[in-house]
Amino acid sequence: MLKHIVLKEVWENISSPKFVFTFLLCTVLIILSAYTGIGNYRADFKEYNSAKALNKQNLDASPSWQALAGLGTKITKPPQVLGTLAAGIQDAVGRNSTVNIAYDPQLVDSKYDSNPVFAIFGNLDLTLIVKIVLSLFAILFTYDAIVGEKERGTLKLALANRVPRDQIILGKAIGSFISLLVPLLIPFLLGLLMLNLYPDISLSGGDWSRIALMFLFYLLYLSVFFTLGLFVSSRTNRSSSSLFILLFIWVILIFVVPKSAVMVANHMSPIPSVHDINSQKDAFLQEIQGSAPQKVAEWREANEPVDGDDPTIFQEKFRAFLTELQQDLTARIDAKNAEVEESFQSKRRRQQMLALNLSRISPASSLTFGALALAKTGIHEHERFLNSIKTYKPIFTKWVNAKMMENLDFNARQQPKPVLDDMPLHEFVPMTLADSFALALPDFVVMILMIIVLFAGAFVSFLRYDIR
Amino acid sequence: MLEAKDLTMRYEDGHLAVDHINFQVKKGEIFCMLGANGAGKTTTINLFLNFIDPTEGQPLVDNVDSSKDPLEAKGNIAFVSENVMLYSNFTARQNMDYFAKLGGKPDYTRDDYYAVMRRVGLQEEAFEGKLKNFSKGMRQKIGIAIAILKDANNIILDEPTSGLDPKAAAEFATILNELKEQGKAIFMSTHDIFRAKTFADRVGIMKEGRMVMQRSSQEFLAEDLEKIYLDYMLGKID
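Note that the protein sequences, when read in sequence, are chains S and B.
Take the first sequence: its letter number 326 is residue 326 in my numbering, and every next letter is one higher.
Take the second sequence: its letter number 139 is residue 139 in my numbering, and every next letter is one higher.
Worth flagging that the hints you see were computed from the coordinates, not collected in a lab.
All values reported here derive from a predicted model rather than from experimental measurement.
Note that the Cβ used here is the ideal one computed from N, Cα and C, for glycine as well.
Mixed in with the good hints there might be a few duds.
[Stated by the list, open to error] In silico DSBU-like pairs for lysine-lysine, Cα to Cα no more than 30 Å straight-line:
(1) S:3 / S:18
(2) S:336 / S:259
(3) B:132 / S:18
(4) B:130 / S:3
(5) S:18 / B:136
(6) S:18 / B:130
(7) B:5 / S:3
(8) B:180 / B:227
(9) B:167 / B:227
(10) B:136 / B:180
(11) S:347 / S:295
(12) S:317 / S:52
(13) S:295 / S:52
(14) B:197 / B:227
(15) S:3 / B:180
(16) B:68 / B:5
(17) S:259 / S:417
(18) B:167 / S:3
(19) S:403 / S:259
(20) S:317 / S:74
(21) B:68 / B:180
[To be verified] Cβ-to-Cβ under 10 Å is the rule here; a few derived chain S residues that face chain B:
(22) 151
(23) 152
(24) 162
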């Protein structure tokens, strides 16, 4: 019996104009998103390689160790290939960071900085399409699933047979879900095929696993709206009421809850602005820089060579002093920056967690967090990359300071050109699949719970539904 | 056989829709239930189909209490509703196929469906036509065809002739008589007293939830049924 109901539901849906419309629109949107996503990724990857080459060129051209220490090296964040499916925050946040002996490294030069037009239109990625367009389709497929059959009289006719109600609701749920799956699955596979057609885009086994998990996330997300539609449809007596209620809930879940969560978190757990933090760091830097000449003067006064002293001994002692002073000042700057940063980050993390947890009321937020964690284009991966640069900074500064002092020649008119053979390199290990999944797990669980609750609600409501 | 024993339905708001009614529809008999809107005819049907549970009494289908064992009872009822809408994107045959399967008849062939559609007087070109292009009369014929396919002992029809043109209504009466000849117990609610007189073996009149009168065909043919009915409706007889 269940099989007949499922098949009828699938056939009824796929032979309807709304299915044809949904399928065509999804195909166009998903292929368009794959095309633009691939284009963006290839452009970003080219830019990334250019930035790396330019940095190498600049490092090679450094006239002296002092210049190298001051100008530093540039670290560029590599684009993520799965950003083609879930662009995340990668266009909004900085991609480049300068690591030198003075400033605390930050990621700057976002794509939106370089071309604000991108910010106006945003990204049309698959996650956005699923989040907004397909969730709306899930509602359109289910708003009249029960109440529509009641209005047409077909529910009465069906239940005038030896058919248990649970079979009807299960059959409708399975059949309608299969119908909704088709407009997602086929264009999705076409999009992946497009991704494979480009020889400069290579997907690893891990990437394919991530894609499979992302697809699962999309399915879960659509199931939430799908079961919500079933639930409301089995609680109303007119399909127009059902549609109105569902559209209202959809707007609240997609647009209002995520934005409100951030605002509420801002009020509940305020944090200092970035400018406050930077001014604290700058003030300390100026204090340190101001104290350095005085310390040098004091040392010179105490260690001024008397007539007859070998000037080279003084120079060596002075070099040793400067080396120690440089390392000390840099270490103090780093320590202060780390202290300020840690305090700020701790407050920011608290606010961020509050905002994220509040916004999880909406499945749209859960979808975004989960998809971005799996695509490695979310906040966590960005912070990991920034932290890797912050970890690299003292390594670089220690090395460059040592080299600078080692090669300081007080008599030379021109300082020696740096040799970069043993320069420590920045290393970044992207998040593993297990870590990404662990990050996405709460959202996975939240969505499953929502589906269970809504389906149970729909099931119980239908068992008691007045079909007259 | 359909039988109402002290069947009563009082809604949660206190409205007494069906008030201790008793009747029997035997094998090979057509019972027409007359009554104004709100008299309780459709509620009675809903009780037999267990769309609602009775407050008191029993709706029996082949001696099975529909409120106690609804699935067993519904297995022995074919139902034709007032406005047969069905699935508009399906063809006539697809609709019949689906409801035949729900009715526990999964093995019908295309020819079986076509034969039943011919029997109810549907034109050949409509067999594979989509329901959205069908008139009310054509849809009603499909409703009857679905009931025939189920081949249940009992048939319940809720205002089946409302909105039908005279030709379609006459064709419908012919089919109903054929089903009666096959030994089906047929219960039909209707406003159409003239049609009821034509083919009913017994007639009942419902008013405000009560069965105020029952007559056999021999009795009502000897009386002026229209007058009796109007007298009840106008309150001249209580």
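Verification of the supplied hints:
Distance check on the hinted pair: residue 3 of chain S and residue 18 of chain S sit about 23 Å apart at the alpha-carbon level, within 30 Å; holds. Our distance criterion of 30 Å between C-alpha atoms is broken by residue 336 of chain S and residue 259 of chain S, whose separation comes to about 34 Å. Distance check on the hinted pair: residue 132 of chain B and residue 18 of chain S sit about 15 Å apart at the alpha-carbon level, within 30 Å; holds. Distance check on the hinted pair: residue 130 of chain B and residue 3 of chain S sit about 23 Å apart at the alpha-carbon level, within 30 Å; holds.
Taking the CA atoms of residue 18 of chain S and residue 136 of chain B, the gap is about 25 Å. The hint holds against a cut of 30 Å. With a CA separation close to 17 Å, the supplied pair residue 18 of chain S and residue 130 of chain B stays within the 30 Å bound. For the hint pairing residue 5 of chain B with residue 3 of chain S, the CA-to-CA distance comes to about 37 Å; that exceeds 30 Å, so the pair is violated. Restraint check for residue 180 of chain B and residue 227 of chain B: the C-alpha separation of about 27 Å stays at or below 30 Å, so the hint holds.
A threshold of 30 Å between alpha carbons decides the hint, and for residue 167 of chain B with residue 227 of chain B the separation of about 26 Å falls inside it, so the pair holds. Distance hint between residue 136 of chain B and residue 180 of chain B is fulfilled; the C-alpha atoms sit about 24 Å from each other, no more than 30 Å. Of the supplied pair hints, the one linking residue 347 of chain S and residue 295 of chain S is violated, its CA atoms being roughly 36 Å apart against a limit of 30 Å. A hinted pair counts as satisfied when its Cα atoms are at most 30 Å apart, and residue 317 of chain S with residue 52 of chain S does not qualify at roughly 39 Å.
The straight-line distance between the Cα atoms of residue 295 of chain S and residue 52 of chain S is roughly 38 Å, outside the 30 Å bound, and the hint therefore fails. A C-alpha spacing of about 13 Å is found between residue 197 of chain B and residue 227 of chain B, which places the hinted pair at or below 30 Å, so the restraint holds. This hinted pair does not check out: residue 3 of chain S and residue 180 of chain B have alpha carbons roughly 34 Å apart, beyond 30 Å. For the proposed pair residue 68 of chain B and residue 5 of chain B, the alpha carbon gap of about 14 Å is at most 30 Å, so the pair holds.
Restraint check: the Cα-Cα separation between residue 259 of chain S and residue 417 of chain S comes to about 53 Å, which exceeds 30 Å; the hinted pair is violated. Between the alpha carbons of residue 167 of chain B and residue 3 of chain S the distance comes to roughly 39 Å, so the proposed pair goes past 30 Å and is violated. The straight-line distance between the Cα atoms of residue 403 of chain S and residue 259 of chain S is roughly 50 Å, outside the 30 Å bound, and the hint therefore fails. Restraint check for residue 317 of chain S and residue 74 of chain S: the C-alpha separation of about 33 Å exceeds 30 Å, so the hint is violated.
A C-alpha spacing of about 28 Å is found between residue 68 of chain B and residue 180 of chain B, which places the hinted pair at or below 30 Å, so the restraint holds. Against a cut-off of 10 Å between C-beta atoms, the interface hint on residue 151 of chain S holds, since the closest Cβ of chain B lies about 8 Å away. Nearest Cβ of chain B to the Cβ of residue 152 of chain S: about 4 Å, under the 10 Å cut. The hint holds. Proximity of residue 162 of chain S to chain B holds as hinted, the smallest CB-CB distance being about 4 Å (cut-off 10 Å).
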